[in-house]
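Participant: Sequence:
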Amino acid sequence: MVTMADVARMAGVSTATVSHVLNGTRPVRARTRELVLSAVAATHYTPNTVARSLATARTTTMGLVLSAISNPYFGELLHAAESAAAEAGYTLLLVDPREDPEYELTVVTRLHHHRVDGVVLAPSARPEAALAYLARHQVPTVLLDRLIDADHDQVGSENCEATAALTGHLADHGHTRIGLVAGLDGLSTTSERRDGHRDALRRRGLPADPELEVSGESATEPARRAVHRLLALDDPPTAIVAGNNSMTIGVMQALRDAGLVVPRDVAVAAFDDFAWADLFSPRLTVVAQPFGEIAATAVQMLLARIGDPDAPPTTRRLAPRLVVRESCGC
Numbered sequence: 001m002v003t004m005a006d007v008a009r010m011a012g013v014s015t016a017t018v019s020h021v022l023n024g025t026r027p028v029r030a031r032t033r034e035l036v037l038s039a040v041a042a043t044h045y046t047p048n049t050v051a052r053s054l055a056t057a058r059t060t061t062m063g064l065v066l067s068a069i070s071n072p073y074f075g076e077l078l079h080a081a082e083s084a085a086a087e088a089g090y091t092l093l094l095v096d097p098r099e100d101p102e103y104e105l106t107v108v109t110r111l112h113h114h115r116v117d118g119v120v121l122a123p124s125a126r127p128e129a130a131l132a133y134l135a136r137h138q139v140p141t142v143l144l145d146r147l148i149d150a151d152h153d154q155v156g157s158e159n160c161e162a163t164a165a166l167t168g169h170l171a172d173h174g175h176t177r178i179g180l181v182a183g184l185d186g187l188s189t190t191s192e193r194r195d196g197h198r199d200a201l202r203r204r205g206l207p208a209d210p211e212l213e214v215s216g217e218s219a220t221e222p223a224r225r226a227v228h229r230l231l232a233l234d235d236p237p238t239a240i241v242a243g244n245n246s247m248t249i250g251v252m253q254a255l256r257d258a259g260l261v262v263p264r265d266v267a268v269a270a271f272d273d274f275a276w277a278d279l280f281s282p283r284l285t286v287v288a289q290p291f292g293e294i295a296a297t298a299v300q301m302l303l304a305r306i307g308d309p310d311a312p313p314t315t316r317r318l319a320p321r322l323v324v325r326e327s328c329g330c
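For the sequence shown, the residue numbers in UniProt numbering are 1 to 330.
For the record, the hints were derived by calculation from the structure and aren't laboratory data.
On a predicted model such as this, the values are computed, not experimentally measured, just so you know.
Careful, some of the hints might be misleading.
[As the list claims (entries may be wrong)] What follows is a list of derived Cβ distance ranges for each label pair:
#1 Glu211 - Gln300: 25 to 33 Å
#2 Asp257 - Asp149: 38 to 46 Å
#3 Ser281 - Tyr103: 36 to 44 Å
#4 Ser281 - Gly12: 56 to 64 Å
#5 Gln253 - Cys330: 35 to 43 Å
#6 Asp234 - Ile306: 25 to 33 Å
#7 Tyr103 - Arg225: 18 to 26 Å
Note that the Cβ used here is the ideal one computed from N, Cα and C, for glycine as well.
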């Protein structure tokens, strides 16, 4: 059986250097890394991960608990998180808690039983049981996207000012009846984006009409139904803000169903950019989140927490950017 020592001999380096290259535990010069990887290929060396995990009490796996994977934004987060984990020598185990707090506890428990070294969690609207389990078993944890308290490491976008920028942009076009299709109740992202929408109205002296705020439940079909309710009002909105990109699709479907043209009849702006937002006709005005940076930061924070379990928790808010296209009337 080929050993790490055999690889080290062929590459002309120490076994420690081979370990650092394979596990990503320390930077190694490009030429040295190339020699080690060539030796691994030549010898067909396969690391004994089971033995290593028994020796180190680590499995170099981390769990990613992420609902609504069909949402293009979360798909981008997943891709970026997997890349960041792989670069650090970790394997990512993905589970979907289905926005169900009970099932969220189930999948978190399963990840713990699989001895993951830590968990990145986009929490549900009621994550108390899952978080209590992770704390009780001292599983290193980072909250992703949906930030809820200061007792955990967490990273996500700034939501209030970003949504205020969307609503304010529509108001600057002369709209005074601006609808909001908000996300699932109980999520921090939903409440923060709703607050930002209301703040923008208040700053411009516009009333916050409760009739113009509807729940799209963070999904396409509920958003489509919600927009039909808005359009049925005696005084319907002339502009709509969608709270995420899945709901944006529902908004556009509802407007098409009603035979309305964007932005001539109703202007639209949305939270979340996605690869084909540019292909809509008209092209969508959006707030674009730095999903790659968010995911990479979550992985880095989890690795830091694994290395130093007693460090004080930190919260990172990353700034999105407003991308102005044609759906707002520009």
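Participant: Now, for every hint given, state plainly whether the structure supports it.
Facilitator: Hint check results:
1. Glu211 - Gln300: 25 to 33 Å: violated (44 Å)
2. Asp257 - Asp149: 38 to 46 Å: For Asp149 against Asp257, whose Cβ atoms are near 40 Å apart, the range 38 to 46 Å holds.
3. Ser281 - Tyr103: 36 to 44 Å: holds (39 Å)
4. Ser281 - Gly12: 56 to 64 Å: holds (60 Å)
5. Gln253 - Cys330: 35 to 43 Å: violated (23 Å)
6. Asp234 - Ile306: 25 to 33 Å: violated (57 Å)
7. Tyr103 - Arg225: 18 to 26 Å: At roughly 25 Å between Cβ atoms, Arg225 and Tyr103 fall inside 18 to 26 Å, so the hint holds.
Taken one by one, the earlier hints fail for this structure at numbers 1, 5 and 6, listed in ascending order.
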